[in-house]
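**Q** The lines below spell out each chain.
There are 2 protein chains.
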Amino acid sequence: MSEHHANYSVFSSVSSKEEALDILLMSYEALSKEQTNWVCNLANASSLLWHAYTALGIKVNWTGFYVTDKENDTELILGPFQGKPACQTIIFGKGVCGTAASTQEIQLVADVDKFPGHIACDGETKSEIVIPIVDLKTKKTLAVIDLDCLELNGFDEIDKKYLGELAKLISASCSF
Amino acid sequence: MSEHHANYSVFSSVSSKEEALDILLMSYEALSKEQTNWVCNLANASSLLWHAYTALGIKVNWTGFYVTDKENDTELILGPFQGKPACQTIIFGKGVCGTAASTQEIQLVADVDKFPGHIACDGETKSEIVIPIVDLKTKKTLAVIDLDCLELNGFDEIDKKYLGELAKLISASCSF
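One line per chain: the protein sequences are D and Y, in this order. Every letter in the first sequence is one number past the one before it in this note's numbering, and letter 86, counting from 1, is 86. Every letter in the second sequence is one number past the one before it in this note's numbering, and letter 116, counting from 1, is 116.
Calculated directly from the structure, the hints in this document are not laboratory data. Don't take every hint at face value.
All copies of an identical chain are treated as equivalent in the list; a pair is satisfied when it fits inside any one copy or across any two copies.
[To be verified] In the DSSO-like style, the derived pairs of lysine-lysine whose C-alpha atoms are separated by at most 27 Å in a straight line are:
| no. | residue 1 | residue 2 |
| --- | --- | --- |
| 1 | K94 | K33 |
| 2 | K137 | K59 |
| 3 | K126 | K140 |
| 4 | K137 | K17 |
| 5 | K126 | K114 |
| 6 | K70 | K168 |
| 7 | K137 | K161 |
| 8 | K140 | K70 |
| 9 | K139 | K168 |
| 10 | K137 | K70 |
| 11 | K70 | K33 |
| 12 | K114 | K137 |
| 13 | K70 | K17 |
| 14 | K114 | K139 |
| 15 | K114 | K33 |
Start from the sequences, fold in the hints, and give me the full structure.
**A** So this is what it looks like as structure tokens:
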């Protein structure tokens, strides 16, 4: 597909969100082929997310992952991401990420200030989407995909659909 | 030190490289306080590196980590980073990262095209610095810090000194 791994982040020619997110899913599959290491795969996935959304003109300020802490499965711990430094741990049920982790339901938040108990790692964040990554066998929450946006209403039903697909690909491809 | 974790990335007022890298070291210590999870700490460290060098006007296109693969200790595997997607694995001794990992010596490369066996994850990279992170007890290579720059001669002796300090802080603070 490309001579250099960095070329997977070329989303500049896309004409629609669907097309960009289709390329993102295909790029993730290519980069995770024969590779089950979750840190490696999520590090590249956070980069794909950053470059896909930035190319779409969506002002993401954070794209990345929190994973269920192996030493305490009632907490999420910071995983690979792109953006500014972030909170190290989040308790299941707290804030947008913790709610997605405990309910296993996608959280689409148009205005984070209206979300009860929102945890602000970055005061500039206005909207957010968090997608649970669930173990297909045990049904436990493995991790969450977290995207923050500097504008209100940064994400919609299309993001829900495609990022839900990404969560399934990650669950199937990674050993956590 | 700051209300939001994202504020640790504010390097905009710095007047010199030494000052920025001093703040980087202090920020890493603050963010890794009472936290030994290596993924969490290296994810925040890659963000600090990106924002410190970008604020200094140094055109970094990749800041992050490769770690010794627990399943094969003759290979490095991709860790947390900021920048475009990257090569998943690097054999010890190969390329700039592999050489730093096998020799445990900092590799300061003014022109990557002149480095024998350079592995190009991104064809745009012109110069690079790679710093080994060594286990203080076993003396084994735990990981490497890798910074790529879009310009020749992107890094110098000051980077060697401060990033060498960061490598020691990481070795002391993280359970790999």
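**Q** Does the structure break any of the earlier hints, and which numbers would those be?
**A** Going through the list in order, the structure violates hints 2, 3, 4, 12, 13, 14, 15 and respects the others.
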